[in-house]
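Residue-level listing of the chains:
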Amino acid sequence: MRLNYNIRASMIKKITTILITTIALMVNVNASSDGELLLKKNNPAEIDDCWEGFNRASFALNQGLDKVIFKPVASVYRVLPTPIKSGVSNSLDNLSNVVTIPNNILQGEFSKAGVNTGRFLINTTVGILGIIDVASLIGFEEYEKEDYGQTLAVHGVGPGCYLVLPVLGPKTARDTLASTLNFMGGDAWYNITVANDTQHVSEFDYYASRVIAGVDFRAKNYDSIENLQKNSLDFYASVKSVYLQDRQQKILNSNQVIESMDDSDWEEIGN
Amino acid sequence: MIKKILTIFTILISITSFNSISYSIEPDVFVQSTVNRAASTLGGNLNKEQRVEELKKIAKETVDIYGVGMYSLGATRKSLTEEQLKTYNQVFENYFLKSFADRLAEYSNPIIEVNSKEKLNENYTIVSSTLVATDKRPEIKIEWRIYTKNPDAPLIRDLIIEGLSLARTQKEEFSSIIQSANGDVNALFDNLKNFSNK
Chain R
1 MRLNYNIRAS MIKKITTILI TTIALMVNVN ASSDGELLLK KNNPAEIDDC
51 WEGFNRASFA LNQGLDKVIF KPVASVYRVL PTPIKSGVSN SLDNLSNVVT
101 IPNNILQGEF SKAGVNTGRF LINTTVGILG IIDVASLIGF EEYEKEDYGQ
151 TLAVHGVGPG CYLVLPVLGP KTARDTLAST LNFMGGDAWY NITVANDTQH
201 VSEFDYYASR VIAGVDFRAK NYDSIENLQK NSLDFYASVK SVYLQDRQQK
251 ILNSNQVIES MDDSDWEEIG N
Chain D
1 MIKKILTIFT ILISITSFNS ISYSIEPDVF VQSTVNRAAS TLGGNLNKEQ
51 RVEELKKIAK ETVDIYGVGM YSLGATRKSL TEEQLKTYNQ VFENYFLKSF
101 ADRLAEYSNP IIEVNSKEKL NENYTIVSST LVATDKRPEI KIEWRIYTKN
151 PDAPLIRDLI IEGLSLARTQ KEEFSSIIQS ANGDVNALFD NLKNFSNK
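Chains R and D, in that order, give the protein sequences.
Reminder that position 82 of the first sequence reads as 82 in my numbering, one-by-one numbering, no gaps.
Reminder that position 72 of the second sequence reads as 72 in my numbering, one-by-one numbering, no gaps.
Because the hints were derived from the structure by calculation, they are not lab data.
Don't take each hint at face value.
[To be verified] Derived PhoX-like pairs: lysine-lysine, alpha-carbon spacing no greater than 20 Å straight-line:
1. D:141 x R:145
2. R:230 x D:48
3. D:48 x R:220
4. D:198 x R:230
5. D:141 x D:117
6. R:230 x D:119
7. R:230 x D:117
8. R:71 x D:48
9. R:220 x D:136
10. D:141 x R:250
11. R:230 x D:86
12. R:220 x R:85
13. R:85 x D:198
14. D:78 x D:60
15. R:230 x R:220
16. D:141 x D:119
[Claimed, not checked] Here are some, though not all, of the chain R residues that point toward chain D, as calculated from beta-carbon distances under 10 Å:
17. 78
18. 228
19. 240
The structure displayed is predicted, hence computed values, not measured ones.
From the three backbone atoms N, C-alpha and C, an ideal C-beta is built for every residue, glycine too.
All chains should be built: construct the whole structure from the sequences, respecting the hints.
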């Protein structure tokens, strides 16, 4: 009787061990294949330029607008004193938390959602409407923006075709579709400025914040854009590559090129 | 006798190991010394033409121009004839050196700090560095893909700026040019030549 009990206990232990090992391996395999799938699906080389004619025309229009509006404004903005530029940039980052936090939750990143909520509350109050990034000063982890396009990508939606929109610039079909969610209740800043008539903020505040964000981006990347344009054989193709690489990094939440770059092509090249 | 042979053998092994250690260059040290060379060229009293020539010399010694060229050509490299490959390597080198020197010649005394390195495998190490912020631009993270197949003479194969690979961007640009010309690689050669003659 006692022998039977020992055999049974030993069997149960073995089965439990095998089960735990199998589950652990499955989780690992899934994690690895999910990451690889995400990497492959969002690989810039795999994304089709289905509407290249339209995209190139739209790109030319945007270049014209940049030359006449954004570049001159950015060239003035970039010579403003650093504390002013940092204040504007911090404030815009802080505002973007109202889109990042719901997307953290939708991606299952609950601890990041908590950190970003704390960051938003501290910077909005102590940091005077986000002008001072107090949260970073007291040791909060680096802020990473999230959007509905990234959330759809994380849940397996492919990027679709590459698309260049007039004024708004490069996108993918998925990201264009996802950005409409901002106007359907997904962006609290839009809800209190444009969608609903509140007494404290107006439509103007929303559109002004979008324009300033564009100028801030252009000013931060002023030299890089000039350099890329000057040294490109096909500027349209270079911008497309840079945009899609950046999107891939953001979807993977990685700044590490070694995670997102396929090394096989390099390995083939000897010396 | 055995003791003597063993001693000689040990000394020989020590000398060989010492030599291999003393001549191999650590990738991070290589990057820092390359950056220092470029910075002293950019910060010196040279005029623009002299700067460009000096920068081209640095590029020839520290960048694997052939490797970058082959990578940038992508799968097309497998379908080229010997003659086409020879032409490509020539026009690519001219293009690369002009592009490299022109990009850098605009900067005056950039400060780059090397932070860490990560060995990917025997052939590659990624060196991480930071281009220090100025009043006009924020801090920029730059990673260097160093080809270490020959540890005595490491070479740069790619620069990754804020996660964006220059080699990859160039590869996709070249591919777009070839595709737009219905697969005719001569369109790429013409573009490269035109750029070099600008």
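Against the structure, the hints come out as follows:
The hinted pair formed by residue 141 of chain D and residue 145 of chain R meets the criterion: a straight-line CA distance of about 18 Å does not exceed 20 Å. The suggested pairing of residue 230 of chain R with residue 48 of chain D holds, with an alpha-carbon distance near 17 Å, which does not exceed 20 Å. Restraint check: the Cα-Cα separation between residue 48 of chain D and residue 220 of chain R comes to about 26 Å, which exceeds 20 Å; the hinted pair is violated. A distance of roughly 11 Å separates the Cα atoms of residue 198 of chain D and residue 230 of chain R; the hinted pair therefore holds under the 20 Å criterion.
With a C-alpha separation of about 13 Å, the suggested pairing of residue 141 of chain D with residue 117 of chain D holds against the 20 Å cut-off. This hinted pair does not check out: residue 230 of chain R and residue 119 of chain D have alpha carbons roughly 33 Å apart, beyond 20 Å. Restraint check for residue 230 of chain R and residue 117 of chain D: not satisfied, since their Cα atoms lie roughly 31 Å apart, outside the 20 Å limit. Taken as a hint, the residue 71 of chain R and residue 48 of chain D pair is broken in the structure, with Cα atoms around 26 Å apart against an allowance of 20 Å.
Simply put, residue 220 of chain R and residue 136 of chain D have alpha-carbon atoms about 8 Å apart, close enough for the 20 Å limit, and the pair holds. Simply put, residue 141 of chain D and residue 250 of chain R have alpha-carbon atoms about 16 Å apart, close enough for the 20 Å limit, and the pair holds. For the suggested pair residue 230 of chain R and residue 86 of chain D, the alpha carbons sit about 27 Å apart, so the restraint of at most 20 Å is broken. Distance hint between residue 220 of chain R and residue 85 of chain R is fulfilled; the C-alpha atoms sit about 10 Å from each other, no more than 20 Å.
For the suggested pair residue 85 of chain R and residue 198 of chain D, the alpha carbons sit about 36 Å apart, so the restraint of at most 20 Å is broken. With a C-alpha separation of about 25 Å, the suggested pairing of residue 78 of chain D with residue 60 of chain D is violated against the 20 Å cut-off. The straight-line distance between the Cα atoms of residue 230 of chain R and residue 220 of chain R is roughly 17 Å, inside the 20 Å bound, and the hint therefore holds. Proposed proximity of residue 141 of chain D and residue 119 of chain D is supported: the alpha carbons are some 18 Å apart, at most 20 Å.
Hint status for residue 78 of chain R relative to chain D: holds, with the closest Cβ pair at about 6 Å, below 10 Å. Given hint, residue 228 of chain R at the interface with chain D, holds; its Cβ is 8 Å from that chain's nearest Cβ, closer than 10 Å. The restraint placing residue 240 of chain R at the interface with chain D holds, with a minimum CB-CB distance near 7 Å, inside the 10 Å limit.
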